[in-house]
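Protein chains: 4
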Amino acid sequence: MNPEENTADLVARFDFAATLARIAEEVRDLVGQGKVAAYIPRLAEVPADRFGMAVATLDGRVFEVGDAATPFSIQSISKVFTLTLALEALGGDLWKRVGREPSGSAFNSLVQLERESGIPRNPLINAGAHVVADVILSSTPTAQADLLEFVRARADNRAIVMDEEVAASERDAGFRNAALANFIRSFRNLDNPVERVLDFYFHQCALQMSCLDLARAFLYLANRGRCQRSGQSVISAERAKRINALMLTCGTYDAAGEFAFRVGLPAKSGVGGGIVAVVPNALTLAVWSPGLDEKGNSLAGAAALDRFTALTGLSIF
Amino acid sequence: MNPEENTADLVARFDFAATLARIAEEVRDLVGQGKVAAYIPRLAEVPADRFGMAVATLDGRVFEVGDAATPFSIQSISKVFTLTLALEALGGDLWKRVGREPSGSAFNSLVQLERESGIPRNPLINAGAHVVADVILSSTPTAQADLLEFVRARADNRAIVMDEEVAASERDAGFRNAALANFIRSFRNLDNPVERVLDFYFHQCALQMSCLDLARAFLYLANRGRCQRSGQSVISAERAKRINALMLTCGTYDAAGEFAFRVGLPAKSGVGGGIVAVVPNALTLAVWSPGLDEKGNSLAGAAALDRFTALTGLSIF
Amino acid sequence: MNPEENTADLVARFDFAATLARIAEEVRDLVGQGKVAAYIPRLAEVPADRFGMAVATLDGRVFEVGDAATPFSIQSISKVFTLTLALEALGGDLWKRVGREPSGSAFNSLVQLERESGIPRNPLINAGAHVVADVILSSTPTAQADLLEFVRARADNRAIVMDEEVAASERDAGFRNAALANFIRSFRNLDNPVERVLDFYFHQCALQMSCLDLARAFLYLANRGRCQRSGQSVISAERAKRINALMLTCGTYDAAGEFAFRVGLPAKSGVGGGIVAVVPNALTLAVWSPGLDEKGNSLAGAAALDRFTALTGLSIF
Amino acid sequence: MNPEENTADLVARFDFAATLARIAEEVRDLVGQGKVAAYIPRLAEVPADRFGMAVATLDGRVFEVGDAATPFSIQSISKVFTLTLALEALGGDLWKRVGREPSGSAFNSLVQLERESGIPRNPLINAGAHVVADVILSSTPTAQADLLEFVRARADNRAIVMDEEVAASERDAGFRNAALANFIRSFRNLDNPVERVLDFYFHQCALQMSCLDLARAFLYLANRGRCQRSGQSVISAERAKRINALMLTCGTYDAAGEFAFRVGLPAKSGVGGGIVAVVPNALTLAVWSPGLDEKGNSLAGAAALDRFTALTGLSIF
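Protein chains in written order, with our numbering: chain G, 1 to 317; chain W, 1 to 317; chain A, 1 to 317; chain C, 1 to 317.
It is worth saying that the hints were derived from the structure and are not from the lab.
Hints may contain errors.
All copies of an identical chain are treated as equivalent in the list; a pair is satisfied when it fits inside any one copy or across any two copies.
[What the hints assert, rightly or not] Below are the DSS-like pairs computed for lysine-lysine, each with C-alpha atoms no more than 30 Å apart in a straight line:
1) Lys-96 <-> Lys-295
2) Lys-96 <-> Lys-35
3) Lys-35 <-> Lys-295
This is chain G alone, in the form it adopts within the complex (with noise of 0.2 Å):
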């Protein structure tokens, strides 16, 4: 980014298009490579050589390349949605309840939650999930139908929906969540039955979204909280900042150091192939890619991203 320029002008300028197209291109030898998550059947069987990119920008124009219409488990993406409406429900008070720090090691370490007495370090963690899911269901009868509806506004697509099969698979298979959330309740830090809180832990992550669905989704974050299209507040503009630095700090499990590093942006990724990007001010972006590096996040997502920000010179630093 030249600094003489704004990046409203920029972003009106570059041919996203073209470079998305450029970036399918540079990274299509990864795709395929990495590791497909496979602890449930559902998320095992989708096809490692998928690869969708898109961007959405603040004056409404949308731009894609490649898989980016096909809906995938958006896994722990669906955290960042969960914390707007924990935020929204409870307020400062989250944070007595959860931490704002990296976690500095696996994204479901039940060490630091003894050594910090069950106060997860993040909500972005699995165990600080927990603590915010605990925390909207208890301000409001219908958790599950409220988020859903939340995330269908923000991405204005009324045919999202989560994927009940993905959701049993979780719940057979969680037995790292069911530890986590059993720990938490023990140092009675969830208020919640443990099976509620994972039933709708297991929802929130089985929800299946494209990388255009995501895009728009995210905008009220790089548009300090408001609505791209009605500009109504979604969020108030210093929540919305401090989602975007909680992104870039503990968004990408224990490579968030990595992810600010080589990409610069906030970001949140999942085990499904997904990773969403906020360049705050300007636009949004989602990439899929299934095979995952030894991190849990995307290969060829986290090197399209990288690309992005090398080609364009959007960053934040």
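Got chain G sorted already, so can you dock chains W, A and C onto it with the hints?
Frame of chain G; chains W, A and C shown alone:
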């Protein structure tokens, strides 16, 4: 920040003198609170009631308030300077010897070193700075003089010195650092004698600089790696961006997440009570007040940075 | 113990009745001190001022003092019984699924489980007992009845029961155990459903036995694995010796070193306030007093064992 | 051991010469296996195919097989001698500065030191031995000479020396120990300069003794603290018993549970390949073979001890 306005315009328009005066007023009650670092006599005798702040913009202006011209012990802030030198000396190979992830625990923890076989989590914790010091020592026979020269050039101030009494006291009190360095050496991740590495490290910590010095000295990181006066490259734009990313994720001990969340700027703090922050493509900020919070960051200094981003809207998120 | 005198002679000669009376007198001031386990109502309502102690010798004599005939919740002491059954069921293969080293941390820590991939450090911590329970469940369709039958036979008392109210309360409060079991299951080191393992585990903890019952029931471990009445083998001499070794190194949570140091006998404690100790080739001791020290062992009970070995000279060291 | 027979009778009757010969035969295939400690040249050059074993009984007899008269570097076995001296110097106050619990992790781990604020878990790990060395250094100006005198008197051999070349090599390779000692010093749990503590520690490790020396030198621990020749007290019976308890729970690094389980005797091992074990009220055993297992204990030595207790029935359990 109004999204329709670019940062350069904003900086040109903003009344930083008034902003700094207002901040000094607002944080006045915090000045003198917290604990002054007392592990070495020279630091312990610094009066707790000091507060200074400076802003330096890319267009060459400098603003200040309070004790902004008083030199203090920059301590860990020096890690950004040595990282810059080590990156120039070794290039990307540096990352084989030190990681880029937040440490997720106290800044001088030995635990993670053990788990990760002597590879420090990042170059901005003490262990990482030892490796960085070792790299510099292997690259030049005049490491200490080179560092001093580099810092004087960046700050445009030939009067900057290293306080020998502080360096000697650090050595006498530095059992934790000696433990770290010996531990890293046991994993063969130091090439130079432990005593030499520590001697260099204790001297870098003993650099005496004022807020004005620091704000000027960090401008290359706000300016894509270029000197703001000569326009010459200090470090590549890519590396400048990446050092900023490291400061954001790892620059303030175990409060990096909190800093990103509240302040939203790359920053590096030291136990002398200084903190430097960078607004990419715009300006740098340095603040100093000796009283520390329980995580080792300046109490009034952190509050002042918080107020600065709140008042100006300048944040990377 | 006089080295010229053998243990059998000593036991025959010693006035255990007087010794127990003296001990009860000496520890009187400690009875009622410490904290009664309060995580389930049934345990919390046990009067703190109880103290009982019993000695059973290989030649068939039994001595007692105080509340030695009062049944109490044996809790973790049951782990010795289930270990015996699991060793009979699976033999040495048991040690592929659970270790034999002291845990060096709190009795229900999840940290080591994670570091050691779901292999609990030893069978006398909660995690290890879950694996032991799983082994028994896989070996018999009537695990709970078999355990009860085994304990009744060992103690020669058909009146021994499992307290269903305690078992139900354990389940309702057992989030930490549920976390542990789910965590082990996530490493595939449990074959049976988590709920079934926990149900069996909570029932074994709910066994109600008196000091007299426990002293009698442990005699096979003092008698090289043989029943002291019939002479028939309960377990091989080799295994009896090894269970004793495990009790010494791992039987009293994170105080095993302290117990070996002060008492010098293999012992197993429970949060119900009971402790059983073994003098190989000589006798068993059981003591009960509900007030616990900060490591979860009976305060007056530990002191009573300490006095017993001091007064009699009976120690394995 | 037949329970009707006392230990003294058994020892008097047993043909230890034949037993040792048989054991040497049985473990022959293991001799030369494992890895010889190679971190210092002097240790690395010891031929791997050595095996020696000695038994010393309280009634003054000594039995041997193989290389039982060859001096070797006793390394960590020396910790038992220094613990004895420190207990005499400081009494029970020693336990304010070092714990008595198994460490549950690798013998030179820094993790637990950090968690427990510089109080080593027990005196038989390296960190604990540093504190013990510090206590001795504070109690006498001739610590090294006193230790040598003590060991020569116990072994009744004036020819025992400390190998200066080994001590010097330990110092040159001892980064891990330097890390530990500096770390403990940072918690103010060392009073003497780190260099002095390490110098003494490296010299104690460099004691050269044979199996015959060690078996004789440990007899006071089998004899309730008394010299087997003069009958004079070396240490109180209480302390002798407690040192034995510490050896059982902490004497063989992270294999103490395994040793108690398989061998069932208090024992202390060293990376030089030696292991000494105590049968209280009966005898001592020393074995040496340089090849180590993955936990740092002599491979053939551990097997030989295992066979000894299996063949003789001598075990404390």
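Structure-based check of all given hints:
no. : hint               : in the structure
1   : Lys-96 <-> Lys-295 : both (29 Å within a copy, 17 Å between copies)
2   : Lys-96 <-> Lys-35  : between (37 Å within a copy, 24 Å between copies)
3   : Lys-35 <-> Lys-295 : within (11 Å within a copy, 34 Å between copies)
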